[in-house]
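Visitor: Residue numbers (the numbering used here), protein chains in the order written: chain H, 1 to 100; chain B, 1 to 396.
The hints are simulated quantities; they were obtained by calculation from the structure and are not laboratory data.
Keep in mind the model is a prediction, meaning the values are calculated, not measured.
A few of these clues could be false.
[Stated by the list, open to error] Dumping the calculated DSS-like pairs for lysine-lysine here, alpha-carbon to alpha-carbon at most 30 Å:
no.: 1; chain 1: H; residue 1: K57; chain 2: B; residue 2: K127
no.: 2; chain 1: B; residue 1: K12; chain 2: H; residue 2: K57
no.: 3; chain 1: H; residue 1: K57; chain 2: B; residue 2: K162
no.: 4; chain 1: H; residue 1: K57; chain 2: B; residue 2: K72
no.: 5; chain 1: B; residue 1: K22; chain 2: H; residue 2: K57
[As the list claims (entries may be wrong)] Example chain B residues on the side facing chain H (calculated, C-beta under 7 Å, incomplete):
no.: 6; residue: K22
no.: 7; residue: G35
no.: 8; residue: W59
no.: 9; residue: L105
All C-beta atoms in this analysis are idealised placements derived from N, C-alpha and C, irrespective of residue type, glycine included.
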Amino acid sequence: MPEIRVVLPYHLRNLAQVGNEVRVDVDGAVTMRSVLDAVELRYPMLRGTIRDHTTLKRRAFLRFFACEQDLTHEPPDAPLPERVVSGEEPFIVIGAIAGG
Amino acid sequence: MSGVRVLVGTRKGAFILTSDGKREKWEVNGPHFAGWEIYHMKGSPADANRIYVSQTSGWFGQIIQRSDDGGKTWHQPGTPPGEPTTTPEGGPKGESNKFVYDTSLETGKPLTTHQFYDGTQHPWEFKRVWHVEPSLKDPDTAYAGIEDAGIFRTTDGGKTWKELSGLRGHGTGPQWEPGGGGLCLHTIILDPSNPQRIWIAISAAGAFRTDDGGKTWKAINKGLRSLSTPNPEAEIGHCVHHIAMNPARPGVMFMQKHWDVMRSDDAGDNWKEVSGNLPTDFGFAIDVHAHEPETIYVVPIKSDSLHFVNDAKLTVYRSKSGGNEWEPLTKGLPQKDCYVNVLRDAMAVDSLDKCGIYFGTTGGQVYCSADAGDSWNAIVRDLPAVLSVEVQTLGA
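Model the full structure from these sequences, guided by the hints.
Guide: Here you go:
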């Protein structure tokens, strides 16, 4: 079962009481949906903070990146890059407006 | 020994200010939940150690926090204090953040639309919890007022929340329009003499009351006049900013409307204006003295276009006659170059023998008067913008 690295934004790290990066086991295809499902299973206090509780749609001010690619608007069931699956690169959740 | 605990919600975290009954020396504790907007925090009247917090973010949504030890430690309900918030097996811990409108056939109402700013119809969408009102009797029961307007109740200490959908299903919902802050249910008042009766207020729909524990609701806006609206005396569509009531005299209500200060002597069925000699009757906050039910406090704001205090002077106005005749209270408050606002939930009173009055400003000051408003001192001056102030009277 692949172990996926996930980078969370500052406030969600504090909420889950974790460091900069977490690792979750993903059963089956590694997609944004399956990775976020695994994150929410491991850290249930994050349910509703990345995706809507019921629709599971991405919250408007969050974006997803991996391997220097913007995956925000990719289909949630599209496979993530191989380097994420292999653990070489993390899947990154980031606030859409970082400052300024 | 008596004392007070002041719960301050700000744009960037929560702060707890404590003092003994003299209210001269203060300990400032915080920030809790640093960086998050704390719309409201309030202690249970049935258990002073139980505090509920609405922690919210435009990025990450809604979190409910709870303390069972007076604010020393916090947890999301469903996670016992001291236990890791990370369980490998998962479980329902995230439920405490879940506010989903009840559309079930058994108890719910269809998810319809409300009026948007431009007059078009807009679907109901949950955004945040504006106000948490703990039950007067049961620490595990509390009500949450949310945006887009609705009222939720928990009976398990905040672990799960269920909508009292009769309010959203009132039938006038499609006419409800958001105020500047959104379509928010910001005021919840529980009747100590009648557990079936609850008052709420929504910007900019108006005030409502239930007499059957939340199943059905009645609009109670008779006597309100909102100029610049198509029908100034309509049943719905009034921007009620806040309502206050002395618990010893249920049914006598005081309201700060967008413009106008109002009172009702019949539980909201009829309102009359008591703005009297106020320099401006626009404002947000209003509260009632703990022991003198005809003594009320407001902070006039210059106008709805400017949202700062009148004449650059921070002035609380007090009426000892239940309205109409107001006196300015300025001792200890800045009287020049002041351009702050005092938001709707940012004023509170304690119940010590000499009633203490408290308010917080958008400039980050929290003021206390230990002599019912005659004189004021800043407890702190440089917090983030203050969204809410509540007071717990301890050991009284």
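Visitor: B:G35 was flagged as interface toward chain H. Is the shortest Cβ-Cβ separation under 7 Å?
Guide: 6 Å, holds
Visitor: Regarding the pair H:K57 and B:K72, is the alpha-carbon distance no greater than 30 Å?
Guide: 35 Å, violated
Visitor: Take the C-alpha atoms of B:K22 and H:K57, compute the straight-line distance between them, and say whether it is at most 30 Å.
Guide: 52 Å, violated
Visitor: Hold the hint about B:K22 up to the distance rule: shortest CB distance to chain H must be less than 7 Å.
Guide: Cβ of B:K22 sits 36 Å from chain H, so the hint is violated.
Visitor: When you check the alpha-carbon spacing of H:K57 and B:K127, does it fall within 30 Å?
Guide: Cα-Cα ~14 Å, so holds.
Visitor: Against chain H, with CB atoms and a cut of 7 Å, does the hint on B:W59 hold up?
Guide: 5 Å, holds
Visitor: Holds or violated: H:K57 with B:K162, Cα cutoff 30 Å?
Guide: Answer holds: H:K57 to B:K162 is near 22 Å, not above 30 Å.
Visitor: Hey, does the B:L105 contact hint survive, CB to chain H under 7 Å?
Guide: Not OK, violated: B:L105 not within 7 Å of chain H, min 17 Å.
Visitor: Hey, B:K12 versus H:K57, does the alpha-carbon distance stay inside 30 Å?
Guide: Holds, at roughly 26 Å.
Of the numbered hints listed earlier, those contradicted by the structure are 4, 5, 6, 9.
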